[in-house]
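J.: In order, the protein sequence lines correspond to chains A and B. Our numbering puts the first residue of the first sequence at 1, with every later residue one more than the last. Our numbering puts the first residue of the second sequence at 1, with every later residue one more than the last.
Think of the hints as simulated: they come from the structure by calculation, not from any bench. All residues carry an ideal CB built from backbone N, CA and C; glycine is no exception. Don't take each hint at face value.
Unchecked claim - The list that follows gives simulated cross-link-like pairs (lysine-lysine, BS3-like), each with its CA atoms no further than 30 Å apart:
hint, chain 1, residue 1, chain 2, residue 2
1, B, K87, A, K308
2, B, K27, B, K172
3, A, K308, B, K85
4, A, K136, A, K157
5, A, K157, A, K98
6, A, K148, A, K3
7, B, K85, A, K100
8, A, K3, B, K119
9, B, K172, A, K360
10, B, K69, A, K360
11, A, K360, B, K85
12, A, K360, A, K308
13, A, K113, A, K157
14, A, K3, B, K172
15, A, K3, A, K113
16, A, K97, A, K3
17, A, K113, A, K136
18, B, K87, A, K354
19, B, K69, B, K87
20, A, K3, B, K178
21, A, K3, A, K100
22, B, K170, A, K360
Claimed, not checked - Label pairs and their calculated CB-CB ranges:
hint, chain 1, residue 1, chain 2, residue 2, range
23, A, P116, B, E4, 19 to 25 Å
24, B, E17, A, W375, 26 to 32 Å
25, A, G299, B, R61, 18 to 24 Å
26, B, E4, A, D31, 30 to 36 Å
27, B, R165, A, E24, 38 to 44 Å
28, A, D396, B, Q161, 25 to 31 Å
29, B, N82, A, G380, 44 to 50 Å
30, B, N82, A, A333, 26 to 32 Å
31, B, G143, A, H397, 33 to 39 Å
32, B, E24, A, D396, 31 to 37 Å
As the list claims (entries may be wrong) - Sample of chain B residues lacking proximity to chain A, with all beta carbon distances greater than 10 Å (derived):
hint, residue
33, Y130
34, A150
35, T157
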Amino acid sequence: MKKTDEISQIIRQIRVPASSNLDERIHHEIDHAVLSAATAPAGPELTFGEMFALFLKRRSARYTLATTLGLAVLVALFLIRPAPSAWAMEQAVEALKKYKGLQFTGYVTRDGKTIPIDLWARSDVTGDSVEAGLAKAGDITVWTRDNKTYTYDQAEKVVYVEPGITLGLDPWPGPKLLTLLNKMKDYQALEGDDPATGRPRVVVTCSTDSMGGPESFRMEFDVRSKLLVSVKTWGNFRQEGAPEAAFEKVLFFENLPDSALDFQPPAGTPFTNMPLTIPDAGTRLPALSDPNCGISAEGMTREQACQKILGELWEAQLHTNFARVRQLLPYAANWSDDFMLAECNREAMVQVVKIGGIEKTGSSNLGPLALVPGWLRYQGGSVVEVWMIVQFRETDHGTSCVIFGPHGYALNAKG
Amino acid sequence: MLREMHLVWQFNRGNTEALREIYEEHKHELVTLAAALLLDKAEAEDVVHDVFVGFMRAGGRFRMTGSLKGFLATCVANRARNQNKSKWKHASEESAATEQAAPDHERPDLAAMFGEELKCVGGALAELPYEQREAVVLRLCSGMRFQAIARTQGVSTNTVQGRYRYGLDKLKTLLDGKLNL
Numbered sequence: 001m002k003k004t005d006e007i008s009q010i011i012r013q014i015r016v017p018a019s020s021n022l023d024e025r026i027h028h029e030i031d032h033a034v035l036s037a038a039t040a041p042a043g044p045e046l047t048f049g050e051m052f053a054l055f056l057k058r059r060s061a062r063y064t065l066a067t068t069l070g071l072a073v074l075v076a077l078f079l080i081r082p083a084p085s086a087w088a089m090e091q092a093v094e095a096l097k098k099y100k101g102l103q104f105t106g107y108v109t110r111d112g113k114t115i116p117i118d119l120w121a122r123s124d125v126t127g128d129s130v131e132a133g134l135a136k137a138g139d140i141t142v143w144t145r146d147n148k149t150y151t152y153d154q155a156e157k158v159v160y161v162e163p164g165i166t167l168g169l170d171p172w173p174g175p176k177l178l179t180l181l182n183k184m185k186d187y188q189a190l191e192g193d194d195p196a197t198g199r200p201r202v203v204v205t206c207s208t209d210s211m212g213g214p215e216s217f218r219m220e221f222d223v224r225s226k227l228l229v230s231v232k233t234w235g236n237f238r239q240e241g242a243p244e245a246a247f248e249k250v251l252f253f254e255n256l257p258d259s260a261l262d263f264q265p266p267a268g269t270p271f272t273n274m275p276l277t278i279p280d281a282g283t284r285l286p287a288l289s290d291p292n293c294g295i296s297a298e299g300m301t302r303e304q305a306c307q308k309i310l311g312e313l314w315e316a317q318l319h320t321n322f323a324r325v326r327q328l329l330p331y332a333a334n335w336s337d338d339f340m341l342a343e344c345n346r347e348a349m350v351q352v353v354k355i356g357g358i359e360k361t362g363s364s365n366l367g368p369l370a371l372v373p374g375w376l377r378y379q380g381g382s383v384v385e386v387w388m389i390v391q392f393r394e395t396d397h398g399t400s401c402v403i404f405g406p407h408g409y410a411l412n413a414k415g
Numbered sequence: 001m002l003r004e005m006h007l008v009w010q011f012n013r014g015n016t017e018a019l020r021e022i023y024e025e026h027k028h029e030l031v032t033l034a035a036a037l038l039l040d041k042a043e044a045e046d047v048v049h050d051v052f053v054g055f056m057r058a059g060g061r062f063r064m065t066g067s068l069k070g071f072l073a074t075c076v077a078n079r080a081r082n083q084n085k086s087k088w089k090h091a092s093e094e095s096a097a098t099e100q101a102a103p104d105h106e107r108p109d110l111a112a113m114f115g116e117e118l119k120c121v122g123g124a125l126a127e128l129p130y131e132q133r134e135a136v137v138l139r140l141c142s143g144m145r146f147q148a149i150a151r152t153q154g155v156s157t158n159t160v161q162g163r164y165r166y167g168l169d170k171l172k173t174l175l176d177g178k179l180n181l
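From just these sequences and the hints, can you work out the full model?
T.: In structure tokens form, the structure reads like this:
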């Protein structure tokens with residue numbers, strides 16, 4: 001029989017080298033750690049007000065998705081409300097239909113500082129999605145091109161690139177959106193006259209949940225033109241405290257030339273990938289850490305867990321099992337069945353064609369993140385590519401995962 | 001030690017080259033440790049990955065109270081223990097429905113991981129209760145003191161020494177006649 005010290009010696013001889021795959025993963029994380037070390041971490045969709053605050057301290061313009069979506073929702077919501085004024089849905093649809101471009105001008109407040117912001121966007125020919133956009137605030141400029149979103153940080157002299165259109169305005173405030181928005185609730189509308197111009201105005205207040213947490217809005221509409229003229233947003237449900245953003249001027253254009261949306265960073269500026277993270281994930285959206293949300297990932301690789309949870313989400317969506325959707329996608333937890341149904345009809349997904357592998361990894365304060373593409377067939381046969389962010393958690397109940405939400409919005413897939 | 005302190009100092013100031021150096025310096029040891037604890041290389045690398053991601057997040061506020069190697073090894077051990085618990089729970093839930101798995105010493109992945117020569121060591125480690133395996137591996141692969149292992153396991157030093165001794169004795173029995181040194 002061998003002596004104990006011989007056994008000890010044998011155990012000490014064990015060597016399991018790190019693989020090149022691990023090296024790659026770690027160096028990838030380290031590359032992104034540079035970004036988070038230098039400033040507050042960038043991340044996916046935040047609140048409406050933070051859409052622009054993002055430009056100040058964060059590099060990602062993807063926050064604009066949720067924020068501008070909120071705006072669009074509320075615009076249409078107001079327009080379709082059987083209001084005390086003489087507005088009707090048809091009129092609202094007609095009013096919006098002819099506008100393919102818009103500009104917001106205003107300011108955002110961040111850390112007590114007020115920063116001006118300017119956002120331009122143009123819808124595609126269908127009037128359902130943003131085709132191109134350009135936003136400038138402080139040192140940050142965000143623009144879209146070829147289904148990618150670029151963020152130029154003048155202070156760091158670098159351009160961050162991410163797949164998809166994360167600039168916002170999804171869905172574009174067009175006719176198709178109205179059906180969805182018709183199902184929204186929790187708003188008030190007051191009608192009065194603007195003392196400065198004498199024109200009748202309607203002020204709408206509303207709050208909603210977004211991927212970034214609670215948001216509330218106060219929006220002013222011109223009764224005659226049926227268009228939005230100003231908006232303020234807060235990062236809470238009750239319009240408390242100073243607004244995160246205030247847009248004092250909103251202009252609609254029948255079209256916008258490319259030159260209005262063009263941006264070129266200085267020659268030689270390096271391009272790098274935008275890191276994947278969710279700032280303050282557990283705080284902003286506490287349900288993300290709720291063990292009752294999501295699925296167990298025990299005994300599965302992360303890739304298998306992503307495939308499973310996304311498959312279940314889309315299956316639930318196909319079968320209008322909204323309770324399951326809310327459980328897998330907690331930011332939709334407070335959406336009504338009517339709103340969900342409208343959302344399903346808007347998306348009109350008929351088949352899950354394929355769920356891809358993990359394209360990109362990152363992390364939030366809750367644990368690892370994975371970005372996973374999926375291909376969905378919509379009514380009419382078109383196939384769109386979507387990216388979803390899956391959050392992994394380690395809890396007392398073991399490893400589990402939950403869907404944070406979409407990363408940008410659907411693109412038409414080739415073929 | 002001074003070099004390590006300097007690396008940590010640089011890391012806390014956002015120097016990613018320092019972070020890379022820390023990773024390069026410790027990666028093989030940490031993967032070895034995790035692999036010896038979990039007996040699965042893919043899981044081991046996931047654990048090391050997560051430990052480094054967690055470590056990166058501490059950038060700017062990380063305070064080194066002992067050795068960096070010891071700190072990282074403890075993190076790996078803690079994560080591996082959680083991972084092992086999850087795996088065990090999952091396996092016990094499914095054991096009734098699945099076929100009998102191959103005995104640990106016959107697992108082909110152990111040869112791939114530890115090499116043909118030491119595959120029986122992996123098999124023998126797999127036969128140990130996890131606490132004993134952890135005590136043996138942390139002591140021998142990471143050179144951790146019994147006191148530090150005791151803190152990690154949340155038990156007394158005597159208990160750790162007992163686990164280590166019982167673990168080695170069992171290994172001695174299991175490996176008898178299987179290795180030629």
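J.: If a hint holds in the structure, say so; if it does not, say that too.
T.: Hints and how they fare:
1. B/K87 / A/K308: holds, 18 Å
2. B/K27 / B/K172: holds, 29 Å
3. A/K308 / B/K85: holds, 22 Å
4. A/K136 / A/K157: Distance ~15 Å between A/K136 and A/K157 Cα, so the pair holds.
5. A/K157 / A/K98: Violated - the C-alpha atoms of A/K98 and A/K157 are around 38 Å apart, more than 30 Å.
6. A/K148 / A/K3: Given that 30 Å is the threshold and the Cα spacing comes to 64 Å, the pair is violated.
7. B/K85 / A/K100: violated, 56 Å
8. A/K3 / B/K119: holds, 19 Å
9. B/K172 / A/K360: Roughly 45 Å separates the two Cα atoms, so the pair is violated.
10. B/K69 / A/K360: holds, 29 Å
11. A/K360 / B/K85: Holds, at about 28 Å.
12. A/K360 / A/K308: Within the cut-off at roughly 17 Å; holds.
13. A/K113 / A/K157: holds, 22 Å
14. A/K3 / B/K172: Holds, because 7 Å separates the two Cα atoms, which is no more than 30 Å.
15. A/K3 / A/K113: violated, 71 Å
16. A/K97 / A/K3: violated, 86 Å
17. A/K113 / A/K136: Roughly 16 Å between the alpha carbons, so the hint for A/K113 and A/K136 holds.
18. B/K87 / A/K354: holds, 29 Å
19. B/K69 / B/K87: Holds, because 26 Å separates the two Cα atoms, which is no more than 30 Å.
20. A/K3 / B/K178: Roughly 14 Å between the alpha carbons, so the hint for A/K3 and B/K178 holds.
21. A/K3 / A/K100: violated, 82 Å
22. B/K170 / A/K360: violated, 44 Å
23. A/P116 / B/E4: 19 to 25 Å: For A/P116 and B/E4 the Cβ distance comes to about 47 Å; the hint is violated.
24. B/E17 / A/W375: 26 to 32 Å: violated, 40 Å
25. A/G299 / B/R61: 18 to 24 Å: violated, 35 Å
26. B/E4 / A/D31: 30 to 36 Å: violated, 23 Å
27. B/R165 / A/E24: 38 to 44 Å: With Cβ atoms ~41 Å apart, the hint holds.
28. A/D396 / B/Q161: 25 to 31 Å: The hinted range 25 to 31 Å holds for A/D396 and B/Q161, with Cβ atoms some 30 Å apart.
29. B/N82 / A/G380: 44 to 50 Å: Hint holds: Cβ distance 47 Å, inside 44 to 50 Å.
30. B/N82 / A/A333: 26 to 32 Å: The hint (26 to 32 Å, Cβ to Cβ) holds, given that B/N82 and A/A333 are roughly 28 Å apart.
31. B/G143 / A/H397: 33 to 39 Å: Holds, at about 34 Å.
32. B/E24 / A/D396: 31 to 37 Å: holds, 34 Å
33. Y130: Nearest chain A Cβ is 16 Å from B/Y130, so the label holds.
34. A150: holds, 19 Å
35. T157: The claim holds: B/T157 sits with its nearest Cβ about 18 Å from chain A, beyond 10 Å.
Going down the numbered hints, you'll see the structure goes against 5, 6, 7, 9, 15, 16, 21, 22, 23, 24, 25 and 26, while the others check out.
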